[in-house]
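Student: What follows is each chain in one-letter form.
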Amino acid sequence: KNEVEQSPQNLTAQEGEFITINCSYSVGISALHWLQQHPGGGIVSLFMLSSGKKKHGRLIATINIQEKHSSLHITASHPRDSAVYICAPRPGSQGNLIFGKGTKLSVKP
Amino acid sequence: SAVISQKPSRDICQRGTSLTIQCQVDSQVTMMFWYRQQPGQSLTLIATANQGSEATYESGFVIDKFPISRPNLTFSTLTVSNMSPEDSSIYLCSVSATGSTGELFFGEGSRLTVL
Numbered sequence: 001k002n003e004v005e006q007s008p009q010n011l012t013a014q015e016g017e018f019i020t021i022n023c024s025y026s027v028g029i030s031a032l033h034w035l036q037q038h039p040g041g042g043i044v045s046l047f048m049l050s051s052g053k054k055k056h057g058r059l060i061a062t063i064n065i066q067e068k069h070s071s072l073h074i075t076a077s078h079p080r081d082s083a084v085y086i087c088a089p090r091p092g093s094q095g096n097l098i099f100g101k102g103t104k105l106s107v108k109p
Numbered sequence: 001s002a003v004i005s006q007k008p009s010r011d012i013c014q015r016g017t018s019l020t021i022q023c024q025v026d027s028q029v030t031m032m033f034w035y036r037q038q039p040g041q042s043l044t045l046i047a048t049a050n051q052g053s054e055a056t057y058e059s060g061f062v063i064d065k066f067p068i069s070r071p072n073l074t075f076s077t078l079t080v081s082n083m084s085p086e087d088s089s090i091y092l093c094s095v096s097a098t099g100s101t102g103e104l105f106f107g108e109g110s111r112l113t114v115l
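Heads up: the protein sequence lines correspond to chains V and D, in order. Per this note's numbering: the first sequence = residues 1 to 109. Per this note's numbering: the second sequence = residues 1 to 115.
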C-alpha cells in the first residue's frame with residue numbers, strides 16, 4: 001500500500017467549476033505540502049500545512065491530522081490551473097518528504 | 001523566498017554518456033535536495049547535498065551513478081553517469097526556506113531522454 005494516496009488521479013473540469021483534490025496518508029506527519037507541477041516539469045509550492053486551513057487567492061487547503069487526510073480546493077477554476085497537483089507529507093519532525101503520484105487537472109474553457 | 005535556476009532544461013543523450021545538471025540558488029541555503037521523477041511516477045529523493053560534506057544518498061542511489069558536488073552555499077551539481085534509457089526522467093533540485101516557514105522551492109527541472 002502506498003503511503004500517500006491521491007484522488008482522483010485525473011480530473012477534467014469546465015472553467016468556473018469548484019475543484020477538490022484529496023490526499024490520504026498512512027504515517028504520522030509534522031506537515032504536509034501541496035505542490036503544483038507545470039507541463040514542463042517545474043514545481044511550485046502552494047501550501048505547507050500542519051493543521052487547519054490555509055487560503056491563497058482561489059486556492060484553499062485543509063488538513064485533518066487525526067484522520068490523516070488533506071484536501072486542496074480550487075474555486076472558480078480557470079484553464080491556467082491545468083497542472084499536476086502533488087501532495088507531499090513530511091513524516092515525523094525531520095523526515096524527508098514522501099510524494100503522492102499527483103492529480104492531473106485539466107480545466108477546459 | 002528563493003529563486004532556483006536549473007540547467008539544462010532538457011537534453012537528449014546517448015546511452016553510456018554522462019550529463020551534469022546545475023542548480024544555482026539566489027540565496028545561501030544549507031541543504032539542497034536532488035529528486036528524480038520517472039515518467040508517470042512520483043518524485044523520489046536521490047540525495048541531500050550539504051555544503052562542505054559528502055552528499056547523503058537514499059536507498060537505491062549510489063555516488064558512482066549520481067555524483068553530486070556542493071562547492072558553496074548557492075550551487076550544486078548532479079551528474080547522471082553512464083546513462084541508460086531507464087535514466088530518462090525529470091531531475092529536480094530543491095531547497096527549503098530557513099526558519100520556521102518550511103516553504104519549499106524547486107528548480108524548473110531537467111528533462112533527460114536517453115536513447
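If you're looking for bench data, these hints aren't it; they were derived computationally from the structure. Note that the coordinates shown come from a computational prediction; the quantities given were computed from them, not determined experimentally. We put the beta carbon where it would ideally sit given N, CA and C, even for glycine. There may be inaccurate statements among the hints.
Unchecked claim - Sample of chain D residues at the chain V side, in silico, Cβ under 7 Å: (1) Leu43; (2) Leu45; (3) Pro85; (4) Asp87; (5) Glu103; (6) Phe106; (7) Leu112.
Student: Each hint should be assessed against the structure and marked as holding or not.
Tutor: Status of each hint after checking the structure:
no. : hint   : result
1   : Leu43  : holds, 4 Å
2   : Leu45  : holds, 5 Å
3   : Pro85  : violated, 18 Å
4   : Asp87  : violated, 15 Å
5   : Glu103 : holds, 6 Å
6   : Phe106 : holds, 4 Å
7   : Leu112 : violated, 10 Å
Checked against the numbered hints above, the structure violates hints 3, 4, 7; every other hint is satisfied.
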